[in-house]
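Novice: Take a look at the letters that make up each chain.
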Amino acid sequence: MAKAIPKWVQERLSKLWKKFEGKEMTYEQIESVLKPDEKTTISVFLNELKKAEWIDIRRGEDARVRIYTIKEPNKILREIITP
Amino acid sequence: MKIHQTKVEAVDEKTGIVLKRTITDKGEFLNRKIAVSNTIYTCEKNRVKLNKPVTNTPFQTQHLEWNKSNEEWELTGLKKAKKHAEKNNRFFIPFNQRNQEQWASLTWDESLEDFRDLLMKTNIVPFNIPITASLEEWESYKKKALTYLSEEQNLMPVLSSKHDVRHFPLIFNNELKQSHFLGISCYEITGSIEQINLGFMKSLNAKLKVGENCALVVCLNFPRVMSRHLQVAGSFAFTCFGGDVFSQKANFSMDYDQLEELTPSDIYCYDNREKKFTKSNAQKERYGFDVTNNVINSIPVSEGLDFHQSIKYLSQRLQQEDLDLINNFLIQGQPLEQEINNYTGWNVFLSTISSQIPKGK
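For the protein sequence lines, the chains are A and B, in the order given. Under my numbering, the first residue of the first sequence carries the number 1, and numbering increases by one thereafter. Under my numbering, the first residue of the second sequence carries the number 1001, and numbering increases by one thereafter.
Dumping the calculated DSSO-like pairs for lysine-lysine here, alpha-carbon to alpha-carbon at most 30 Å:
no. : chain 1 : residue 1 : chain 2 : residue 2
1   : B       : Lys-1279  : A       : Lys-15
2   : B       : Lys-1284  : A       : Lys-35
3   : B       : Lys-1014  : A       : Lys-7
4   : A       : Lys-39    : B       : Lys-1284
5   : A       : Lys-19    : B       : Lys-1279
6   : A       : Lys-71    : A       : Lys-19
7   : B       : Lys-1080  : B       : Lys-1068
8   : B       : Lys-1284  : A       : Lys-15
9   : A       : Lys-75    : A       : Lys-23
10  : A       : Lys-3     : A       : Lys-75
11  : B       : Lys-1014  : A       : Lys-39
12  : B       : Lys-1007  : B       : Lys-1177
13  : B       : Lys-1144  : B       : Lys-1002
14  : B       : Lys-1082  : B       : Lys-1007
15  : A       : Lys-15    : A       : Lys-3
16  : B       : Lys-1026  : B       : Lys-1207
17  : A       : Lys-39    : B       : Lys-1279
18  : A       : Lys-7     : B       : Lys-1279
19  : B       : Lys-1284  : A       : Lys-23
20  : B       : Lys-1026  : B       : Lys-1142
21  : B       : Lys-1045  : B       : Lys-1249
22  : B       : Lys-1014  : A       : Lys-51
23  : B       : Lys-1014  : A       : Lys-50
24  : B       : Lys-1284  : A       : Lys-19
25  : B       : Lys-1249  : A       : Lys-39
26  : A       : Lys-35    : B       : Lys-1279
27  : A       : Lys-18    : B       : Lys-1279
28  : B       : Lys-1284  : A       : Lys-7
29  : B       : Lys-1014  : A       : Lys-3
30  : B       : Lys-1068  : B       : Lys-1249
31  : B       : Lys-1052  : B       : Lys-1079
32  : B       : Lys-1207  : B       : Lys-1177
33  : B       : Lys-1121  : B       : Lys-1002
34  : A       : Lys-18    : B       : Lys-1284
35  : A       : Lys-71    : A       : Lys-18
36  : B       : Lys-1249  : B       : Lys-1080
37  : A       : Lys-39    : A       : Lys-15
38  : A       : Lys-3     : A       : Lys-23
39  : B       : Lys-1083  : B       : Lys-1144
40  : B       : Lys-1142  : B       : Lys-1249
Quick caveat, the hints were computed from the structure, so don't treat them as lab data.
Produce the complete structure using the sequences and hints provided.
Specialist: This is the structure in structure tokens:
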């Protein structure tokens, strides 16, 4: 069940959504959109999204690489509003 | 200004952050106040000459420099600084700014000597406690020190955040309950001893009960910008560990030639949207405009400050507004952790460093 996310996470998420919508993204792609955020900020950002269940994470073909997909915002909002 | 008492008004269960109210002969104020320290005092001296208003805070500190060649503390200007503090209804706190090596080699004789040196110069008299001291040892020196004080004066014990971990919580807890002011000489929150002691400080402060009398915890000597912690403000970092009054480290080893070459884009400015310090380039990338330059332009030259001073002066004001925001959340009983987590700098700091330290109660 998705939960609410902090404002600063929402702001960055909307930047990513504008660029990728529901498409898969790598960490490098996320980093390039969220510039000038530092690595620690990005990892806390991704952790907040993971905790709140706003993002799907899977391992890529190279197991060291993670692939991220933002869940459909309307679906998430429905989950939050109608638990 | 004479302190009557400090009482706990609220304790946030989740973060352990405490709201305290201090009552003085000149009125009342809440905790989380940034003191006018050496740099801001220099700014204020320029502003006063031009009849411009000064900072509204009940605290002024004067960090004292160790003069290596004369082997004594530099006390020049202390009298004028105290006068400025009194004129602006502020508590005046001088502080012998020691580095880690000086703290490690500090003896009781030296502490007593420094205490006696400041005895006739201030109403809040600091007493630096050697880092190996036990509570019993401190109590015997405290008893002696108290006999020197007049009725107008208060003793301010100062502990290093790198004090022996076996003794730190006992001394801290004792003074938190008995003193009006309790000084903590801080670092960059990087070492394990420091983190353990700050963890004690945070949890002992969070255990205070509403209505209980307690000390104001005066955090001294920390970096203005916590460069090891994503440029969060030192005042916020130490708020998370129970700090009530904040006085950043004074930079005595300034290279003036290097300083001359700096441009505004080289200086960290407090960004109150991100709740951390940033530089011009990052601001342009994020917002499409340069916050630092706006800050400089918002204080005209006619106010007596150069661009370095304008950035530092306004950054201090913006940080204080953010600390007031935390107090407002506490007064309104809003869930503090949730509010704090809405801001990048604060959330990232709490999620990284603070997670290594015991939470709240």
